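Keeping the supplied structure of chain A fixed, place chain B upon it in accordance with the hints.
These protein sequence lines are chains A and B, in that order. Here the first sequence is numbered in my numbering, starting from 461 and rising by one per residue. Here the second sequence is numbered in my numbering, starting from 355 and rising by one per residue.
Think of the hints as simulated: they come from the structure by calculation, not from any bench. Model, not experiment: these values are computed from the prediction. One thing to keep in mind: the hints can contain errors.
Every beta carbon over 10 Å from chain B, so not counted as near; a handful from chain A, in silico [said to hold, decoys possible]: (1) 540; (2) 548; (3) 568; (4) 606; (5) 636; (6) 666.
Distance ranges between label pairs, derived from CB positions [said to hold, decoys possible]: (7) B:853 with A:634: 57 to 67 Å; (8) B:393 with A:629: 36 to 46 Å; (9) B:726 with A:657: 46 to 56 Å; (10) A:660 with B:417: 44 to 54 Å; (11) A:589 with B:602: 47 to 57 Å; (12) B:828 with A:607: 21 to 31 Å; (13) B:853 with A:660: 10 to 20 Å.
The beta-carbon is built from N, C-alpha and C at its ideal position, and this holds for glycine as well.
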Amino acid sequence: MRTAIAILSMALSMSLAAATLTTPKGASLPVDARGFIHRWLVLEPVPVQGRLTEPAVQEALKVAALPEGARPADGAKLTVNGVELSWHALDTLNYNLNLYHFARSLSKPTSNVLFWVETTVDSPREIPGVRLAIGSNAASRWWLNGEPVIALNDDRQSVIDDGVSKRVTLHQGRNVIRAAVINGGGATDFCARFLDENGEPIMDLVVKLQ
Amino acid sequence: MTGMLRRILPCVALASASAALALDGEVVVHDPSTVIVHEGRYYTYGTGNGLPVLASDDGWTWRRAGSLMSAVPGGKPGAEVLARGGNNTWAPDIIHIGDKFFLYYAAPGTQPKAAIGLLVGSTLDPKSADYKWQDAGPVVWSDGVEDSNAIDPGVLLGPDGKLWLTYGSYFGYIRMVELDPKTGQRRYPERAPVNIAINSEASILIYRDGWYYLLVTHGSCCQGANSTYNIRMGRSRKVTGPYLDNMGIDMLEGGGKLFAASRARHVGPGHFGLLDLGQGVQKFSLHYEADLDRGGVSVLDIRPLLWRDGWPLAGDNLTSGVYGIESARTGTVLELAVQGFPVGGFRQRRGGPPGSGIVGSGPPPNGPPPEPQVGPAIADQDPAQVAATWPAAGSVRLAPAMLQAQQKWVIAPVAGAGGYPGAPFFRITIAGTERSLTATADRELTATAFTGAQEQLWRIDQLIDGSYRLSPKAVPGTSEALALSAVGSSFATLAKFDPASDRQRWILGAP
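In isolation and in its complexed conformation, chain A is listed as follows (with noise of 0.2 Å):
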């Protein structure tokens, strides 16, 4: 009985879509109401250790590492620990991005895994004193034009604006945001935004994949 119910599991999740993503439509696309970024290039999941302390957060860093000068877009191909992944351009529908949704519908592992992030971020101008403010399940590291600005670990749900970075400068046009998230298991997403020095939104964002 219990094996019958582990293969019909197992059929229901391959053939489960991620609902809550689609393929990017257009050159760009605002962030949201809230401020909220909804498009992201994602790479397949890296297999590491799955545990959360500062140290193995570490640890799965240097084994997921990305090839020096690796250039994400949608559809490249590149080896990470001795697995070739791929990245995929992805719009969310919710606030968040549902990495279990995405690795799912690629009957990619959800557990014990290291998912790397990355979008482009369009100013209209120069915006000091702002903050990037992201939520991510499970632990995480943030990277804001080259610059590490936001690292959380241990076991965690995404609460929006859970992690803030010290202030920083958007610059005028091109901004890239890189995110590392590392999940245990079950469940694993992040959202991120930018807060103002009143950690009111900023609105006036525009994300494109370039």
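Chain B in isolation, oriented as in the chain A frame:
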């Protein structure tokens, strides 16, 4: 009954800060007026020859500053005040309206014959060329026969712009009259005063959210640690009463909900005065009949004023100790940003919870269920056990409370660093280390070795809801007043204080 026992207390100089945190410097005073702020300086006036003045530049360290009557022509109450009352000068109260200060003081003779005199001035700064007080005569008095003893004035400017004076002691009623806010004089002298309480003294009114609160002092004064002074209160929708306590008993019939009684090293609180610092920070001034840390003399204090269920509540100034600093916004606590270790060591997630006796997985074992067992006590986490890998200086963040060493902060007063109304500046340091919370030039935070720099000195004000605001004395590169602020669930920063937000509210408790 005890008013006759009043006397001027000897002034005792105090050279060092009090370990009990009941202010610092020359704080001996009896029956202090409501502490008032003028041009950034704090003042209060007390019972005694010529009405002694206490002044402070920061509200924490106080000094004697002569007597108020020395700035009055003739150096004593005017002739009419002396005729209506007597030549004592007791228990003043003061209010600032427009460009004038009105100071009311008691001038008793042989009680209950007494008068309340008015002095009018334009500045409180004795060094100002404009510093002088004009005798404006008696405002109210008691003839020695009626059921009233016209001492202990208290003044309130109500939300409707009306000015009220309450007064009285243990020879009958606490009474009130309306005053003219332009002159400070009685507005309707032809009207009889209104009786609003009995069996008390040191009355004063405050107003909040549609309620008038009458605070009075019950018990006996002037006997050092044998004094039974305690502050009680009632409230009314109408300024003229009736003032009922929390059990519905009229203060005219002896009612009064306790506001402040003797506690710890301080005996006999009395003479409430509201010090509203704005932005949701309220404090109150008072005296203790006996400060046991100062030989049992009467001293000034300033404490946080809280509000709960529609009643004021006497808060306590923070004492040194080990605290967890929890964000009211997020429920997470401030910590040094290091990898934490579970108290008692790591434990594999296997089997049942500790004590259940359930180990491993798979089908339940045969036989009777295992007996639940407790283990030996697990000691608190000692920083020495876990701090070896910590950086000498590190960032801080917010995280779930885990009783771990990087979340335990020693909050301790810094001697000689000054303070603010009611309390000294504190340092905030990870227990067992020197890593101290420090404001940085980019308006963020770090934890570094303590040097005594202004960015490491913290003002900790208890807010009216009981939570705390933590503000660095100074932030490098800016003159803006900033406070510790939760930004997101896991990060702390410095930001402008918003009294309407939980971002800058912190709960200090056992870690």
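Here is how each hint holds up against the structure:
no.: 1; hint: 540; result: 25 Å, holds
no.: 2; hint: 548; result: 28 Å, holds
no.: 3; hint: 568; result: 25 Å, holds
no.: 4; hint: 606; result: 19 Å, holds
no.: 5; hint: 636; result: 21 Å, holds
no.: 6; hint: 666; result: 24 Å, holds
no.: 7; hint: B:853 with A:634: 57 to 67 Å; result: 40 Å, violated
no.: 8; hint: B:393 with A:629: 36 to 46 Å; result: 40 Å, holds
no.: 9; hint: B:726 with A:657: 46 to 56 Å; result: 53 Å, holds
no.: 10; hint: A:660 with B:417: 44 to 54 Å; result: 46 Å, holds
no.: 11; hint: A:589 with B:602: 47 to 57 Å; result: 54 Å, holds
no.: 12; hint: B:828 with A:607: 21 to 31 Å; result: 28 Å, holds
no.: 13; hint: B:853 with A:660: 10 to 20 Å; result: 18 Å, holds
Violated hint for the displayed structure: number 7, the only one.
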